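Chemist: So for the sequence shown, our numbering puts the first residue at -5; every next one is plus one.
Calculated from the structure, these hints are not laboratory results. As the structure is a computational prediction, the values presented were derived from the model and not from experiment. Treat the hints loosely; a few may be bogus.
Said to hold, decoys possible - Here are the simulated lysine-lysine pairs, BS3-like style, with alpha carbons at most 27 Å apart:
(1) Lys95 / Lys107
(2) Lys285 / Lys68
(3) Lys239 / Lys107
(4) Lys292 / Lys38
(5) Lys95 / Lys6
(6) Lys200 / Lys211
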Amino acid sequence: MTMASYSEYLTKAQQEELRNIANAIVAPGKGILAADESEGSMAKRLSPIGLDNTPENRRIYRQILFTAGADLSKYISGVILFHETVYQKADDGRTFVEVLKANGLIPGIKVDKGVINLAGTVGEATTQGLDDLNARCAQYKKDGCQFAKWRCVLKIGPTTPSHLGMMETANVLARYASICQQNGLVPIVEPETLPDGEHDIERCLKVTQTVLGYTYKALNDHHVYLEGTLLKPNMVTAGHSCPKKYTSGDIAHGTIRALQRTVPPAVPGVVFLSGGQSESDATINLDAINKFEREKGKKPWALTFSYGRALQASVLSTWKGNKDNIKAAQEVLLKRAQANSEAALGKYDGRFESEESRASLFVSGHAY
């Protein structure tokens, strides 16, 4: 006979610390700036504006984001960093972690080591990086990080995601979350169902709901303390190649249903990924999710953002690698951050949108 028992793996003090960090990240009207692009992904950001992908250019760009001004902390609670960025310094000699803390922002860290193929499946994947994760988390906590992120991806296709694919990604995410919590880092759990494909919104709802169901079963099996976690899911949208177009209201309805059916109220917040949506769509859809009132009283979590491209695309195209444009680029970041802050409260009126913000940011099979 098996017993549902385990030793108390977190002390009350550890639980309280994790819960406080998680709640601070999803404070009303605040979300996350994901600046955790790997060195390879930064090439895709810098080359269109004619810059070489060097450590110095990456440093200068991150400095533009992190020193955008005191107003940034009105809209952004935390910033996800890449390993290199944790140890880089601003022009004044302070580490970026110190800069963020001084500006009232919580430093976080991407800890996965990338997506790899899952043999014996039809193009499915798992995520590597568990082997030395305990030691790395301990070091990042010591160096000032307070939360972590780990991304798993699932694809919608005729035969995917499979039971194996969903079991594997759910267990990897649960193992990661457990290790983070042991080391005082709030884990952001990211099971991303990719938008690639021709599927309609109903299929995305079913798959997202199933993926989240597997994920929370695994988190429960691994005794993860849910009050000290955050979820970073995709919104429920049709596939990028779906001929049928859906409204932001349709996306809100599908997304809320998927969450209601799977995500325990113990989870403090849901920080959506932008998933290749345009800057405009990512904001307007988040606003619609927060305005959605069909089933009143059944949104027990903060519903906010953890955006990378949807906060940065206009910043890059404004900066263009020219130091004379830095101030203007920072103003663009503040506008996008403010728009998403208002959307996280369901109070956005669309006033910051432009032709540029409506440009698609979709990348097939997006990896970073």
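Chemist: Now tell me, hint by hint, if it's right for this structure.
Modeler: Going through the hints against the structure:
For the hint linking Lys95 to Lys107, the alpha-carbon distance of about 26 Å falls within 27 Å, and the restraint holds. At most 27 Å may separate the alpha-carbon atoms for a hinted pair to count; Lys285 and Lys68 meet this at roughly 21 Å. Between the alpha carbons of Lys239 and Lys107 the distance comes to roughly 35 Å, so the proposed pair goes past 27 Å and is violated. Under the criterion of a C-alpha separation no larger than 27 Å, the hint pairing Lys292 with Lys38 is inconsistent with the structure, at around 40 Å.
The straight-line distance between the Cα atoms of Lys95 and Lys6 is roughly 25 Å, inside the 27 Å bound, and the hint therefore holds. Simply put, Lys200 and Lys211 have alpha-carbon atoms about 17 Å apart, close enough for the 27 Å limit, and the pair holds.
The structure fails hints 3, 4 (numbered hints given earlier, in ascending order).
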